[in-house]
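Chains as they are written, first to last, in the numbering used here: chain U, 6 to 146; chain S, 897 to 1292.
If you're looking for bench data, these hints aren't it; they were derived computationally from the structure.
A virtual CB, placed ideally from N, CA and C, is assigned to each residue, including glycine.
Everything hinted at is true.
Across the chosen pairs, the derived CB separations fall in these ranges:
no., chain 1, residue 1, chain 2, residue 2, range
1, U, W83, S, P1183, 42 to 52 angstroms
2, U, A12, S, A1089, 38 to 48 angstroms
3, S, A1089, U, A143, 23 to 33 angstroms
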Amino acid sequence: MVANWFAGEGDDFRLLGTRCTACACVFFPREDGFCRNPGCAGGELAEVPLSRRGRVWSYTDGRYRPPAPYVSDPELPWEPYTLIAVELEAERMVVLGQSVPGVSVADLEVGMEVEVVQGVLDEDSGTTWTTWHWRPVAVGA
Amino acid sequence: MTAEVAVLGAGMHPWGKWGRGFVEYGVAAARAALVDAGVGWRDVGSIVGADTVRGGYPGYVAGATFAKALGWQGARVASVYAACASGAQAINTARTQILAGMADVVLVVGADAAPKGFFRPAGGDRPDDPDWLRFRVLGATNPAYFGLYARRRMAVHGDTLEDFAQVKVKNAAAGALNANARYRKTVTAEEVAASAVVADPLRLLDICATSDGAAALVLSSMEFARRHGAADPVRIRAVSTVTPTYPTTVLDLPDIATDSAAVVAPADGTFRASIARAAYEEAGIGPEDISLAEVYDLSTALELQWYEDLELCGEGEGAKLLRDGVTAPGGRVPVNTSGGLASFGEAVPAQAIAQVCEVTWQLRGTAGARQIEGARVGVTANQGLFGHGSSVVAVR
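The whole structure should be built from the sequences, with the hints applied where relevant.
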């Protein structure tokens, strides 16, 4: 579905972006077509892993089932998910993601340290779609 | 600073959930605007439609659809799509044609029949569409983003849930006085607090609904207005349709991430602030000149953000401006005298036009029970998905 947005297992799991070889600007989701810095004539875009840890910029949750193309089983009661927007210091960018299951908005604060971990977006009998999740470092430690 | 165009007529179809097609709403609004202007449809040289989707047909239609419904008469036609900024771009297209001498009188129409519940992307597997991606990968609805902004304001500026609720209380009171509004009941802070959480910390009554609705304007050259007997019409002095400046540093609908600011230093101020600044510069006025503002209160918290982006107050002072009554009727700069999206709900192609309708009526002094005393300058502000700025300055 979204090819090469992340890679690795366990402690090596990282989000993957791209970096312009001419101006060094970093892009996530990965930009493979062209550098979007208006001051750059355009260079090759090389894959680059993003910082594993960042700080919570903001957070919220979804108390109602989102519409398609989000995949959820309408037969099951809706379980709210938590969304965390995370500020990565080195990249100076904010990346949105779901939290690991079990983390609610009550567990979060703006500025709290979180790290990226592998998670499951959805699965059926044949396929498991993996994704990234943000996990508070205090919980994971 | 550019030349001005006259607002000869303004009209709406009342907003709600009427269960009919967008063409019907648009034609009703168009006819109301033509009657208000005292201009016959055959005298209109150009029609500009703000686009919507018709029955899932993979094309966005509007201008010619309304022209056909009103009766083909050979007018020049344009249709524009800019998400929530579609209406402002339609107004700007009309203005451009008038200032270029391509048409004396232009009819601008926006109408929609919105689906129930969350807005959602078009169907199919479309991973090249950021709007599709944020739903598929994150389930991030529009209210999720509003929730992120609201929580960020609470953490950084100390805004409270009570502040957010008071925006709804203010706008619902205004909407109760507006026959075109969908919701015409006053709301209390207790009712906001008792409504269901949609996206923490925002509740159902903090977030705008989706609606059917339509709005239309008849714009003309100043010369035509004078010949037409409108010596002192409301005039549009600026339309801002700017794009963001790289790198954007505020997480924005429908993106999953911001640009990186590690290499290129961000511009001074956010995209939203740049929308207003461009309008002020083009109009040759400042925030101190504003009599009233119509802003996109997609959520109660977002209205407070707009106060700061419109420079009605400093950064982080939006809630204080509200608490001091500055943005309430009778205050220095009443905001959303129409009732705002809180009272109307979203009918995407119509809402930026509806904002200008309200400003027009206020500047004319014909807003009835909602009238702001001595209104001379009005500003509207909104932001369209995918980087469309939208702000209109009108004067009397």
